[in-house]
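Whole structure, please, built from the sequences with the hints as guidance.
Top to bottom, those sequences are chains A, B and C. Residues in the first sequence are numbered from 0 upward in steps of one, following numbering that gives the first Met the number 0. Residues in the second sequence are numbered from 0 upward in steps of one, following numbering that gives the first Met the number 0. Residues in the third sequence are numbered from 0 upward in steps of one, following numbering that gives the first Met the number 0.
Check before you lean on any hint, since a few could be wrong.
Claimed, not checked - No farther apart than 16 Å at their CA atoms in a straight line, the calculated lysine to aspartate or glutamate pairs in the EDC-like style are these:
#1 K91/A <-> D114/C
#2 K1/B <-> E89/A
#3 K29/B <-> D79/A
#4 K53/C <-> D96/C
#5 K91/A <-> E109/B
Unchecked claim - Quick list of simulated restraints, FRET-style, between CB atoms:
#6 E61/C <-> T47/A: 44 to 50 Å
#7 N58/B <-> A64/A: 16 to 22 Å
#8 T19/C <-> D85/A: 31 to 37 Å
#9 G3/C <-> T47/A: 44 to 50 Å
#10 M0/B <-> Q56/C: 44 to 50 Å
#11 T45/A <-> S48/B: 43 to 49 Å
#12 E89/A <-> T102/C: 26 to 32 Å
#13 M0/B <-> V103/C: 31 to 37 Å
#14 Q22/A <-> H70/B: 32 to 38 Å
#15 Q22/A <-> R90/C: 22 to 28 Å
Hint data in this document are derived by calculation from the structure and do not stem from the laboratory. The C-beta atom is built at its ideal place from N, Cα and C for all residues, glycine as well.
If you want the building blocks of each chain, they are given just below.
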Amino acid sequence: MLHIVNKSPLERNSLESCLRVAQSGAILLIEDGVLAATRGNAAAATLTEAASRLKIYALAPDLEARGMQDRVLEGVTTVDYGGFVDLVAEHKNCQSWL
Amino acid sequence: MKFAIMINEGPYQHQATDSAYLFCKAALDKGHEIRRVFFYHDGVNNASSLTEPPQDDRNIVARWSKLAEEHKLDLVVCVAAALRRGIQEENLAPGFRISGLGQLVEAGIEADRLVTFGD
Amino acid sequence: MSEGVVKKFMFVNRKSPYGTVYALESLEVVLISAAFDQDVSLVFMDDGVYQLKKGQQTKGIENKNFSPTYRALDGYDIEKLYVEQESLDARGLTEDDLLVDVTVLSKADMGKLMDDMDVVLSF
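What follows is the structure in structure tokens.
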């Protein structure tokens with residue numbers, strides 16, 4: 000399953016809840032969700048730990064819009080909207096953690 | 000591949016509709032089909048023809064209308080959510096239509112993937 | 000066109016009722032989905048578990064109390080209601096506090112259930 004998270008981990012529990020139940024597949028961070036994938040963020044350690052069982056992606060245009068494109072965590076793959084479409088197509092199902 | 004999209008937030012308040020629009024454009028560019036875009040909750044406000052953004056801002060409503068015209072998209076606004084929020088046939092932007100929630104379930108059945116954009 | 004197709008639909012509820020409209024409008028989709036003869040599951044996790052709390056009295060906030068509708072779901076053949084154990088624990092709730100019969104799942108089993116779905120709608 001592709002899990003789509005669009006919330007900052009410091010504002011809402013969407014990422015935390017997603018990581019708690021997600022078994023396998025991938026997480027795509029979009030909108031404010033991309034902030035979790037940046038160095039020094041309090042959620043970075045949890046995300047890095049999750050990378051052992053889940054592939055982590057972040058939407059590049061959302062990182063750029065927030066001026067955080069130079070701080071992407073190691074192990075996180077950035078994609079554009081085309082990559083977003085590919086990820087949805089590649090996975091059997093998807094869920095947005097609103 | 001056939002995609003269905005659900006948008007749950009209104010324009011200018013939340014990025015959801017921008018993300019959904021850019022997703023749809025990218026999917027169409029790749030040759031995929033957008034089976035239906037369903038507007039629910041405050042998302043129905045994306046269909047208001049009364050929207051007038053400042054000139055230097057993107058026109059979210061007109062952008063959806065244009066995409067619908069270019070690609071024959073089916074933009075469906077939930078009737079119950081719309082009536083609650085003052086969206087009616089009289090102020091419906093071009094390319095949108097008002098219909099029931101069954102259209103969302105049907106889109107979920109008919110599309111290969113349903114992607115939700117919301118808060 | 001969609002006749003005969005049965006997909007696994009899941010409605011994920013993660014928000015408390017009344018604070019926002021999501022719980023109510025999610026329930027409206029769930030009721031409509033019953034007419035399509037799909038395999039429907041409802042999930043309540045995080046603050047969504049509060050949607051099922053017994054004893055909701057909404058007179059004071061002048062809102063319609065829609066919680067009795069959850070009890071009517073089996074009349075629509077919607078019988079798969081799942082609640083995540085960890086979400087109950089984190090809110091000091093137990094199954095006895097809920098107004099309908101549910102299946103309580105661990106976080107891992109919840110994740111597996113989600114993986115198995117065709118269409119996941121979250122509110």
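Among all the numbered hints in the text so far, which are the ones the structure does not match? none
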